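Trainee: Each chain, written out:
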Amino acid sequence: MTTSAEFISFEELEDVIHLVNKVHGYDFNEYSRASLKRRVSRVMGLRKLSLFELNNRLVNDNDFFEYFLKEITVNVTEMFRDPDFFNILREKVLPYLSSYQQINIWTAGCSTGEELYSLAILLQEQGLLGRSLLYGTDVNSDVIDHAKKGIYDLKNMKLYSENYRESGTRHSLSEYYTAMYDAAVINQNLRDKTSFSIHNLVSDGVFNQFQLISCRNVLIYFTVSLQEKVIQLLYDSLQPLGFLCLGSKESLRNEAIARCFKLIDKKSNIYQKID
Amino acid sequence: MIGCSAGGFSLLHNLILQLSKNYPLAVIVVIHRSRKYESRLEKDLTDKGEIPVEKAGDKQLMERGKVYFAPADYHLLLEPDGCFTLDFSEPVHFCRPSIDVTFQSVSDVLGSKVIGVLLSGANEDGAIGIKYIGDNGGLTVVQDPEDAEVDTMPLSAIKLTKVDLILKNEELFNLFDEIYRIKVTAANFNHL
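Respectively, the protein sequence lines represent chains A and B.
Counting along the first sequence from 1, when you hit position 21 you're at 21 in our numbering, and nothing is skipped either side.
In our numbering, each residue carries its 1-based index in the second sequence increased by 275.
These aren't lab readings, by the way, just hints derived from the structure by calculation.
Small disclaimer: the values here were computed from a predicted structure and weren't measured.
Cross-link-like lysine to aspartate or glutamate pairs, in silico, DMTMM-like; alpha carbons within 25 Å at most:
hint, chain 1, residue 1, chain 2, residue 2
1, A, K249, B, E365
2, A, K155, B, D348
3, A, K266, B, D348
4, B, K330, A, D84
5, B, K334, A, D15
6, A, K267, B, D319
7, A, K158, B, D348
8, A, K70, B, E365
9, B, K334, A, E12
10, B, K437, B, E399
Taking beta-carbon pairs under 8 Å as the criterion, some of the chain A residues facing chain B (in silico):
hint, residue
11, F10
12, R33
13, A34
14, V76
15, I220
Here are some of the chain B residues that sit facing chain A, going by a computed Cβ distance under 10 Å:
hint, residue
16, R310
17, D333
18, H350
19, V384
Idealized CB from N, CA, C, for every residue including glycine.
Let the sequences and hints guide you as you build the complete structure.
Mentor: Written as structure tokens, this is what we have:
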């Protein structure tokens, strides 16, 4: 398997960014160059495109642009990925949330929905699903369509079940989905509490107020200045005393914002808005 | 940059312990490790050795005289402005962090200023990376497969490309020393 870092140079990447912004209005200017270069190169490799062909398709082919958008964003996800994270949520965060009449949860950068459904399952475990609404957003429509269906490869459920078990549950993942041929369909009662839509963290604003926001392994693809802007957006979207969950190697960046949060768990990188 | 996997850890350990406090290069290390084993490796090496050893952080500026390890379960990249970037895309050769990914990323930014070292390991991760470094004018070094505890990784690099140096363990230690001396001498010349 060839890793494809080599099909486009940094200079050529700037041109592609400029082009995409001009033609489609998507601004990748504050994306981290190193990871974006790899992703664009990957698309070129997958479709065997030269730089000229890439630019040409980006300008002239809207379907290709949707594909491009889907493939350059990183959509690697699993249900209950990072079992420790879910364990800490169950122990330290959910008890707080249980004091609310209405619980709103947002996964920013939800990809194909696995994390959001995992959160729904956690809430149901604790008898909180009834008063919860879970929102999942991402920048491209393909993954959002997939997430809405709540149908996953049955083959993956074994891994997801292990993850779930490791998160400290006394339940079994199979309680929450139905197997149909080689697919696993998330139970209707869980799906009824979820809402998936398109939202671009770069350009779109606050659309609701939440008690829990999860934005994990999304910020790393942004420059520091964009990370700060997004963290501000997430802060503005949080209810007072709401919780913010970041990826394990991500941080709040800005000292001024960091002071508005209390660290709830260092390893799982969970914060509570206190100011 | 050092890429290392099964069988190379104790050699790597000793190579790092030998580095002096003001080592004239930044040293990036990629070892295959999974999330499950979040270790105190970096802290242990810092305590025992002279040179500071840490996990590379997202958007952290890379500096000379430090050793940076790729954190478990993330790919480690380098930005044109000299900062690290972490990346959570698909594993490469079933590995995340992948040696190929870091070797290529750093080579893209630093070209001929890169020295890539590949040690013992059980899969082919690193072979393409070493070739990439060489193609971009960097210096490529592979542990002699006869010395390597698991020779798959060094062998696949040697099979894929013409490697500049194939070194026995002792010679690897000498290489790091040599780099130090050359750099220090060059710095002295510049003061004249």
